[in-house]
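Model the placement of chains B and C with the ligands on the given structure of chain A, informed by the hints.
Chains as they are written, first to last, in the working numbering: chain A, 1 to 166; chain B, 1 to 289; chain C, 1 to 789.
Don't read these hints as lab results, they were simulated from the structure. Each hint should be verified, as a subset may be incorrect.
Straight-line alpha carbon distances no greater than 35 Å define the calculated DSBU-like cross-link-like pairs of lysine-lysine that follow [claimed, not checked]:
hint, chain 1, residue 1, chain 2, residue 2
1, C, K320, C, K136
2, B, K245, C, K454
3, C, K177, C, K410
4, A, K116, C, K18
5, C, K777, C, K136
6, C, K29, B, K99
7, A, K116, C, K656
8, B, K249, B, K71
9, A, K92, A, K56
10, B, K249, C, K656
11, A, K56, C, K656
12, A, K71, B, K99
13, C, K650, C, K785
14, C, K310, C, K411
15, B, K249, A, K116
16, C, K434, C, K777
17, C, K444, C, K656
18, A, K152, C, K5
19, B, K189, C, K777
20, B, K189, C, K452
Treat the numbers as computed from the prediction; the structure is a model and nothing was measured.
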Amino acid sequence: MKKQITVTVNGEQHTVEVETRTLLVHTIREQLRLTGTHIGCDTSSCGACTVLLDGKSIKSCTVLSIQADGKEISTVEGLAKDGLHPLQEGFKENHGLHCGFCTPGMLMRAVELLEKNPNPTEEEIRWGISGNLCRCTGYNNIVKAIQYAGAKMRGEETPSTEPEFV
Amino acid sequence: MIPAPFDYAAPATLAEAFSLLEQHGDEAKILAGGHSLIPMMKLRFASPEFLVDINNIPGLSHIKEENGYLKIGALTRETELDESEVIRSKYPIFTDASKLIADPQVRNMGTVGGNIAHGDAANDHPAVMLALRAEVDISSSEGTRSVPIDEFFYGFYMTAVQPHEILTEIRIPIPNGKTGNAYHKLERKVGDYATAGVAVQITIDDAGVCTYIGIGLTNVNPVPLRAVRSEEVLLGQKVTDELIKEAAKYASEDCNPSEDLRGDEAYKRSMVNVLVKRIIHKALERAHA
Amino acid sequence: MIRCKTSKEISGMGHSMKRKEDDRFLQGKGNYVDDIQLPGMLHMDIVRSPYAYAKIKSINTEAALAVPGVIAVVTGKDLEQYNLHWMPTLMSDTQMVLPTDTVMYQSQEVAAVIATDRYAARDGREAVMVEYEPMKAVVDPYKALEPDAPVLRSDKEGKTDNHIWHWEVGDKDATEKLFNEADVVVKEQMHIPRIHVSSIETCGCVADYDKVENHLTMYMTTQAPHAIRTVIALVAGHVGLTEEKVRVISPDIGGGFGGKVPVYPGYVIAIAVSFLVGKPVKWVEDRSENLQADSFARDYHITAEMAGTKEGKILGTRFKILADHGYTDAAANPSKFPTGLFSIGTGSYDYGTAYMEADAVYTNKPPGGVAYRCSFRVTEAVHAIERITDRFAMEVGKDPAQLRMENFIKKEDFPWKSPTGWEYDSGDYHAGLKLAMDTVEYDKLRVEQAEKRKNGELMGIGISTFTEIVGAGPSKDFDILGIKMFDSAEIRVHPTGKAIARFGTKSQGQGHETTYAQIIAEELGIPAAHIQIEEGDTDTAPYGLGTYASRSTPTAGAAAAVAARKLRDKAKKIAAYLLEVSEEDLEWEPGKFFVKGAPEKVKTIQELVFAAYTNHPQGMEAGFEATHYYDPPNLTFPSGAYICVVDIDKETFEIKVRRFVAIDDCGNIINPMIVQGQVHGGLTQGLAPAMYEELIYDEDGNILNGTLMDYLVPTAVESPSWETGHTVTPSPHHPIGAKGVGESPTVGAPPAIANAIVDALSPYGITHMDIPITPYKIWKTLKAKGVIE
Ligand SMILES: Cc1cc2nc3c(=O)[nH]c(=O)nc-3n(C[C@H](O)[C@H](O)[C@H](O)COP(=O)(O)OP(=O)(O)OC[C@H]3O[C@@H](n4cnc5c(N)ncnc54)[C@H](O)[C@@H]3O)c2cc1C
Ligand code: FES
Ligand code: FES
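Pulled out of the complex, with its shape left as it was, chain A reads as follows (with noise of 0.2 Å):
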């Protein structure tokens, strides 16, 4: 069964065409062809997939494309704007990254929560990415990617990205 959607991704418009079972993630990544959006599981478990559907963090994979008819979606390709997001530049300078391929997800549900809490605590933020699997950096350094992008957002002096080595 096919019908048409149209979304707004990253403040473009795009008309495209979904059978009606067709994922949300897939519909980003193979038709729109914005394939920073990842998969890494099938039981909504990972967050690889995570997106911004009207601003608010979901699992793209868990969301049918035509419940996303007529609804903005934000995917990692569109949060650079005059230059890295204060996210990105946080998981670069806190090295908050490996193989780099939970990132686009652990970024996207991170510009959520610093939205809905601009100074969380190390424990808020800890609970706030619990939807979101890591298997390279031991989260350490992404906390510290996402306190210091919470700093620079506040535009207060973000913390020193030194490797805390004894």
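Frame of chain A; chains B and C with the ligands shown alone:
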């Protein structure tokens, strides 16, 4: 993982939705947050032929106190519950629960109505609703009926909601007096379904006598369970550590957990025992606060 | 602080240079295998067995072929026509590509459905009807060795049991004698369970065969592209795919950790189909397929024993292993090392007597063995030695830190010959443990613990002081399928002094694009920012055995340094020529040669490179390029001292890791930021098997937790805030003194955590618990002991 094909409509009114449901009968499924249904469809454990997406129907999403009730619209998202002022200040049990339900992204989609309509004893809201003695409004083209939560859960994935009906609102009597409530579950890691979960609401008078007690249990029974004997031990009594222990023991005896990767039956009973004690204490603390 | 020889602008070794690869990953411009979309590309999905052991009676593809979009269904019988239904494993065993008659584990590949898009392929998969005749599966490796167990590999002529191989090392008789005579002998039975690496990107490929050119381009998630090309040529050379006709491209990889070393049947089927239909074929597995069928790690049953004196002097160890390999031995080990480098298991302690033996068996489970960031079975070895050392300390009544301090090999005793035949290159174990103890404030913690115990509170402190062994390996001993385990680097410096360097390894997140550039910058003084690194394309990169087992820095990193030094020698000749002095009169400072005593007479490396193209001495070869294939003289032996503090709820037995201090010694450090990041990541992958992860099978061989709902990969909430530090004991034989670090934490963390938990529970008389240690397992153990009702 990809669902089998199906047909789909997103009606803009309840009336349209009812007519679609009547038309498709058993073959149709309601799509709310989709975070129980779509995962099952992806695994092809569920293959409905028709989806009625109720997300475009206005009037199903609200949190308000009115006429002695806290009213929660069926389409209210977990996140909305979590962020609501009235919930945070007066019903911390929901904040306790929603923090432990899945993860932030799932909570942005998952609805309170869907959480109980799914009829899964592993979900967290059923126990909470049992502890709070919620009433559930179920609507169809024939009108709206109200079902007490005690009569809502029929069996595994089965509830009072019939194929032609839609759960529209959950109503919770506004507690009075010194009331506290709390929820906690043991989980293997964050976001997991409960190994065992306990919801408690308690009201005490100035003499410390319990005038209301609700205790609901998560994932330790084929259907969400109210720990009736435990409640009886406390109701009308001055609450003591001894009585709380007895209540906890009854709850651990009256549930009927099944063995799975989370633990065997004896372990789960033992954890119910520990949790009931702890959560009653926590609810009491809040009642006193 | 780490001292750097180069300026920040050059960013040689020791600088925390920000990673060059990050910009593309951060902006969604990484290029992973599933991102590749080629014109006319077909999609493949795989039908898998619901049974662990069954005869295939029939496969009916009719309904599947009727699904719109499905164009073919491939079975074992189809592949048999081309003799492609079996393939060799990296351990010279054999593995089915697709079965012709019998399935050997649940989720084994049974047939492949090819369709025009992935949805149709999945629908086709659902429609393939397979009739099975289930047989009684062999799941328990001990039962597999019983005389009446069914012989699983009846395909092998003359096979009469399920035994694969026996291995041993050390002096059996001397060990036996020692154990008979020693004052104190402790013994524990341990299971290091089967786990799965579950990198967030699963495995997949796009096989693109061009009929006209008779050329295959294989994009795949592989950590060892060159080895894969050779294997493809060996397996499919007979149908025309000889090595020059095969190009393997390993694009960006979303985590590997060993899971992307083996050749999985899906890759081979994709190649076969592309070869037959002449179109690109994409196969990307689901997470559940990945968990249920791809290479596992561990599954060692170990009887560990230690002998010593009453005063706490370790005298000897004995380990007996039963290794469950699943239905074929497909562990990606160096060929001569069936137990990998398990023989490092005598640990960081000074004693001379040890014996280890292992037997491997077939069971009805998927094959694999070493894929979990684990340096070839070092994790199992370290777990055994570090647990049994704690057990020994408990037995003789000594503090485990004290006991370790007293038994460590001394700094001055390196190089040190281990009783199992290794020569440890260097180490300073006392310094590492001391730093860890100071950082965590060990003595204070023991006081706190004693207080808490009085109130019945459960607090534990666990130590692990491990020796790793990485950088496989010297060619006299180390090969995979006969190919020696060297690795390579090729550096080409352009006339303007900017460079490109290519390697036989393949980063999966380790940051090679940055660290290799830093090594070259260190040697040549060309800013790392101006050195482009390429890996993963067999058409352009020099041959190498790939990235796993922490071998990239020890091998390819060394190759880069040596190749760069060749270029520096050349630069020196050019400088002498240009400055009209002899080479002996020149002095090097990062980035330039100058005349001794006359620093104003100087040529920068950029000027010298330019001269190599424009004004080189007569008789000298023009250009500025060098290649090196590095064959390590020995392995390197990183070490670490880890201390873990846990608090356990005395009713629910929930375990909280309160603190975890990890002091690593990986020799000279190339990039502290990256080393620290590797340690963090490895620690979380050490936490995982210690407390959360295990692949669980029932007695019929059904996997009980084949999805991420039940296979419990830790989130940021479970993972504690790691505290890291380091000591530096350079490797004396390595060109830049580095040792490799990627896997140390995964190896060292589990016993530290297990030791902490056992320590917390020791008042109840607990001496050992198998990992993963969960609240439920503690409850069961205490219940069995009668501690709780
Ligand atoms: C990874 C993951 C982890 C999770 N962990 C937890 C957890 O720890 N605890 C927990 O409680 N839940 C958990 N969930 C489930 C999640 O909370 C779901 O969102 C919730 O159970 C269902 O709500 P929904 O709105 O998504 O319902 P849907 O999936 O849309 O629907 C669920 C069922 O209810 C029916 N239904 C929905 N709304 C109505 C209605 N208004 N009237 C009649 N029928 C209706 C549907 O037809 C369907 O049968 C998890 C989900 C995921 C994906
Ligand atoms: S792919 Fe969406 S949660 Fe894993
Ligand atoms: S960086 Fe590899 S999964 Fe997070």
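Evaluation of the provided hints:
{"no.": "1", "hint": "C/K320 <-> C/K136", "in the structure": "holds, 28 Å"}
{"no.": "2", "hint": "B/K245 <-> C/K454", "in the structure": "holds, 24 Å"}
{"no.": "3", "hint": "C/K177 <-> C/K410", "in the structure": "holds, 26 Å"}
{"no.": "4", "hint": "A/K116 <-> C/K18", "in the structure": "holds, 29 Å"}
{"no.": "5", "hint": "C/K777 <-> C/K136", "in the structure": "holds, 29 Å"}
{"no.": "6", "hint": "C/K29 <-> B/K99", "in the structure": "holds, 34 Å"}
{"no.": "7", "hint": "A/K116 <-> C/K656", "in the structure": "holds, 28 Å"}
{"no.": "8", "hint": "B/K249 <-> B/K71", "in the structure": "holds, 33 Å"}
{"no.": "9", "hint": "A/K92 <-> A/K56", "in the structure": "holds, 24 Å"}
{"no.": "10", "hint": "B/K249 <-> C/K656", "in the structure": "holds, 27 Å"}
{"no.": "11", "hint": "A/K56 <-> C/K656", "in the structure": "holds, 32 Å"}
{"no.": "12", "hint": "A/K71 <-> B/K99", "in the structure": "holds, 27 Å"}
{"no.": "13", "hint": "C/K650 <-> C/K785", "in the structure": "holds, 15 Å"}
{"no.": "14", "hint": "C/K310 <-> C/K411", "in the structure": "holds, 25 Å"}
{"no.": "15", "hint": "B/K249 <-> A/K116", "in the structure": "violated, 42 Å"}
{"no.": "16", "hint": "C/K434 <-> C/K777", "in the structure": "holds, 33 Å"}
{"no.": "17", "hint": "C/K444 <-> C/K656", "in the structure": "holds, 19 Å"}
{"no.": "18", "hint": "A/K152 <-> C/K5", "in the structure": "holds, 33 Å"}
{"no.": "19", "hint": "B/K189 <-> C/K777", "in the structure": "holds, 15 Å"}
{"no.": "20", "hint": "B/K189 <-> C/K452", "in the structure": "holds, 26 Å"}
Violated hint: 15 only; the structure is consistent with all others.
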